[in-house]
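Asks: Residues per chain, in single letters:
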Amino acid sequence: MSLKNFSELFVDLDSSNSTHNKIEVLKNYFLSNDPIDNSWAIYLLTGKSNRRFISGRYLKNLFSQIYKYPEWLIDTCYLKVGDSAEVITLLLKNKSTSRKKKLSNISLNELLSKTIPDLSKLNEEEKNFKIKNMWETLPEDNHLIFNKILTGTFRVGVSIGLITKSISKLINIDEEIISHRLMGNFEPSIDSYKFLVNKNINLQELNSKPFPFLLANTIEDKIFKHSINDFQFEWKYDGIRMQLIKRSGNFSLWTRGQELVNESFPELVEKMSHIKDDFVLDGELLVWNFKEQIACDFSLLQKRINRKSPTRSIQIKYPIIFIAYDILEINGRDIREVKLENRRIELEKYFSKWQNKTDNNISEIFKICDLIFPKDWPDALIYREKSRENNTEGLIIKTKTSIYSSGRKKGIWWKYKVDPMQLDAVLIYAKGGSGKRAGLYTDYSFALWKDQELIKFASAYSGLTNIEIKELDKWIRKNTIEKFGPVRSLRPEMVFEISFEKIQISKRHKSGIAVRFPRITKWRKDKKINDADSLENAYELMKKIL
Amino acid sequence: MKTKQEYLIRYKDGNLYCELADIWIDPSKPVKKALITHAHFDHFTFGCEEYISTKETAILLKERVGDNIKIKTFEYGEEFKINGINISFHPSGHILGSSQIRFIFAEEKWLISGDFKLQKDETCKQYEIVKTDYLISECTFGLPIFKWDESKKIANDISKWITNSPEKTSLLFCYSLGKAQRLLNEISQTNFKGNIYSHGSIHKMNNSYKKLGIDIKDTIKIENKKKIDELKGSLILLPPSLSKGSYLKNFKNIQTAFASGWMSIRALRKRSGYDKGFPISDHADWDGILEVVKKSEAKNVFFHHGDSQALTKFLVEKDSINVLFFGK
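Sequence lines, in order, name chains A and B.
First residue of the first sequence: 1, per my numbering; consecutive thereafter.
First residue of the second sequence: 1, per my numbering; consecutive thereafter.
By construction, these hints were calculated from the structure, which means they are not laboratory data.
Heads up, some of the hints might be wrong.
Here are a few chain B residues that sit away from chain A, every Cβ distance over 12 Å (derived from the structure) [to be verified]:
hint, residue
1, Phe80
2, Ile104
3, Leu118
4, Phe146
5, Ile222
6, Asn322
Keeping only pairs whose Cα atoms sit at most 16 Å apart, straight-line, the calculated EDC-like set for lysine to aspartate or glutamate is [what the hints assert, rightly or not]:
hint, chain 1, residue 1, chain 2, residue 2
7, B, Lys160, A, Asp12
8, B, Lys153, A, Asp141
9, A, Lys4, A, Glu187
10, B, Lys153, A, Glu140
11, B, Lys147, B, Glu291
12, A, Lys95, B, Asp149
13, B, Lys270, A, Asp14
Here are the simulated distance ranges between beta carbons [what the hints assert, rightly or not]:
hint, chain 1, residue 1, chain 2, residue 2, range
14, B, Val316, A, Ile467, 32 to 40 Å
15, B, Lys62, A, Lys478, 44 to 52 Å
16, A, Pro117, B, Asn191, 36 to 44 Å
17, A, Glu8, B, Glu6, 53 to 61 Å
18, A, Lys478, B, Gly273, 23 to 31 Å
19, A, Lys121, B, Asn253, 46 to 54 Å
20, B, Asp218, A, Lys409, 39 to 47 Å
None of these values were measured; they are calculated from a predicted model.
Beta carbons are placed, not taken as given, at the ideal position from N, Cα and C, and that holds for glycine.
Please put together the full structure from these sequences, using the hints given.
Replies: Shown next as structure tokens:
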């Protein structure tokens, strides 16, 4: 029951590409460790906490101070490794000879519930001493885990689905039940683990938790063969997917990222609490333009997301709305197995009841999504093209007869997104990547023409294959004009097709425009830099949408 | 201080060159006379009129490229003269036959480290400390993040990796000359007692090592038509060039690993595409390089083969030695 076991688990998970293997490894870990350590392991692996106790910079400075290491040398190492916690771990290997103290065999629980949280109670000197002491008494194999937890960078290729599967196998209970138990705030404790692996299913305990979300898949050609009448069409809003739950008078607002966000949206909680019925609604939270009755840009919603207890003026400045598109439970009756078209009828029925019978006006903050009724598939395509006009991302297409199962279930819901906008741009800067991409130049900046000048308009780092990344990295090293720290300015020679979702005016950028989700969709080796687009082309694109 | 042209050994066209003796060290293009530090292909090029190396290096080279080359050989420590310059080979601990090369001229000593390591390796001679005035050292792993574990520990990790998956065929990728034989030697001393197969290129090198008196565990040369069941739970050594492409389709239910010093970095391990990485290297780590710089008592040091900036700055800040730049 020690940190050692967890370190071994990390190494095993980290060095396996097979789902089957990972599930076995997890199952064995859960079998051979304490409930309390198991609950912490789940907590860490599912990324429920990425709390940063100290920064990577602090860690590096501390190491430099203690062991008289020049900071520039640590920074040089960082460029190769791409992760502060790992750099310090590797450098500590060099220090292991000086270790004389007895090695500690601390448990995962002790480390996470006591040792590390206690650090914040100490003054700087005591804190530094404590960390140094940990470095010198922890077995070498545990350094990486320790440093990663300290800096809040613990991550490993394990999805919540994988944890769900391994627990489900461990106790032989349906994955859906486990997935339900894992939803929301998982507080590490003996009880929470015991609840998770409890072989008796107790519905009462699951009361405040959301249902696993049903997700839409990317559109498939085969659906066009079906009659248009088999499907329900909705706009695809660009907000936060949420479940709004009222059970036994208690109200909870859950994001798809399994966060309880009641505190961030008090006005919604306040209004909806007046409804007499109990319910579970699935929908989208947006900042709404009430005058024009359209969604505001996602960037405005971002101003609300991470803010707890927003002031009245913030609430007025960024007014929110919850748009429900599904009803999953009504007055204690789980209706997920009811067909979508019938759930829709229920949703409409209750919505009009609530609107009429509630004293305060809930329509200021809550509505149900409008349906779209295309005549045929070409008509659906026209609707999709129009989606930018009302600030949506395209269409959601749902099989009318579908039941509400969990996950990205194939063949029931699809997203039919509007085509991205594209511009051909010139690569002008590159920066070293971090993490998995350390040691390679993988962060790129692209420019468009303005008169005879290239003006930076977007940065992107995704979209190239590993082979292309390596090839481009080589080219970058040979075609550097200047280095500024980790950034290189490059000979303008390479043209890339950049796709993005939105374009808008921005005073903060020299180019005067900002794009959302820029990504590389093609390396246009066939194009010379003179063939690249100009800022004027970008403005045209913007006009077309407005 | 001397100008670059006055150095006994300098960089010319990207290669180490001694003008007084008109001799090149590990040249990358055909020249008249070439000193060869060891038999890896990135240190050898076809078409030189004459090669000079240790006896072992000569034999390994001939195994690899055929008898059609003219090689003169010398024992370790045996001095020979070219244009009045005393030259001698000294063990560098990299692979069998690998050497450092010392030049003495007008009471000035120069030492080319060649590829070297200080770690234990029973398949070749231990690195010999050679005193010098000028040191030209490789610095492939010239950052303090590189600190090698004992090879015994890595071998045990490999053994565990294989035995923990008895249902699988374990493919271990490693350089066919040097690394493969060192791994075989180490793995044969672990708890893993299953079958070991090796690819033709590795098998050939194993035999050469045996001929030169190195005790290498017998392995089975891998045949393409081997029955899949027979390979379950066994270890197969393959050269890294086969890790991509269709060769792996010959096997079923495999796990793969790469044995290389670079595997000590997680990002590189992840990017490499192998399931697992075992950090074991035939090059010196940071401490190894520093130790050699110190014990050689060199007052002037050049670094090549690697990113030398950090090492240079570190030594200049810390010590009174001169770290020089070749300029290519």
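Asks: Take the hints in turn and mark each one as holding or not.
Replies: A quick look at each hint next to the structure:
Every CB of chain A lies more than 12 Å from the CB of Phe80(B), the least distance being 40 Å, so the non-interface label holds. Remark: the non-interface label on Ile104(B) is consistent with the geometry, its nearest Cβ contact in chain A lying 35 Å away (cut-off 12 Å). Even its closest Cβ contact with chain A, about 15 Å, leaves Leu118(B) beyond 12 Å, as expected for a residue assigned away from the interface. Distance check for Phe146(B) against chain A: the nearest CB is about 8 Å away, which does not clear 12 Å, and the non-interface claim fails.
Remark: the non-interface label on Ile222(B) is consistent with the geometry, its nearest Cβ contact in chain A lying 23 Å away (cut-off 12 Å). Every CB of chain A is more than 12 Å from the CB of Asn322(B) (nearest about 19 Å), matching its label as outside the interface. Taking the CA atoms of Lys160(B) and Asp12(A), the gap is about 12 Å. The hint holds against a cut of 16 Å. Our distance criterion of 16 Å between C-alpha atoms is met by Lys153(B) and Asp141(A), whose separation comes to about 13 Å.
Taken as a hint, the Lys4(A) and Glu187(A) pair is broken in the structure, with Cα atoms around 22 Å apart against an allowance of 16 Å. For the proposed pair Lys153(B) and Glu140(A), the alpha carbon gap of about 13 Å is at most 16 Å, so the pair holds. The suggested pairing of Lys147(B) with Glu291(B) holds, with an alpha-carbon distance near 13 Å, which does not exceed 16 Å. For the hint pairing Lys95(A) with Asp149(B), the CA-to-CA distance comes to about 13 Å; that is within 16 Å, so the pair holds.
Straight-line distance between C-alpha atoms of Lys270(B) and Asp14(A) comes to about 9 Å, which keeps the hinted pair within the 16 Å bound. For the pair Val316(B) and Ile467(A), the beta carbons lie near 39 Å from each other, so the given range of 32 to 40 Å is met. Distance hint for Lys62(B) and Lys478(A): a CB-CB separation of about 37 Å, inconsistent with the stated range 44 to 52 Å. Checked against the given bound of 36 to 44 Å, the beta carbons of Pro117(A) and Asn191(B), roughly 41 Å apart, stay inside it.
Range check, Glu8(A) to Glu6(B): Cβ separation about 57 Å, and the 53 to 61 Å hint holds. Evaluation of the 23 to 31 Å hint for Lys478(A) and Gly273(B) yields a pass: the beta carbon distance comes to about 25 Å. Against the hinted window of 46 to 54 Å, the Cβ-Cβ separation of Lys121(A) and Asn253(B) comes to about 52 Å, which satisfies the hint. Checked against the hint of 39 to 47 Å, the pair Asp218(B) and Lys409(A) fails, with Cβ atoms roughly 55 Å apart.
Hints 4, 9, 15 and 20, counting from the list given before, are not met by this structure.
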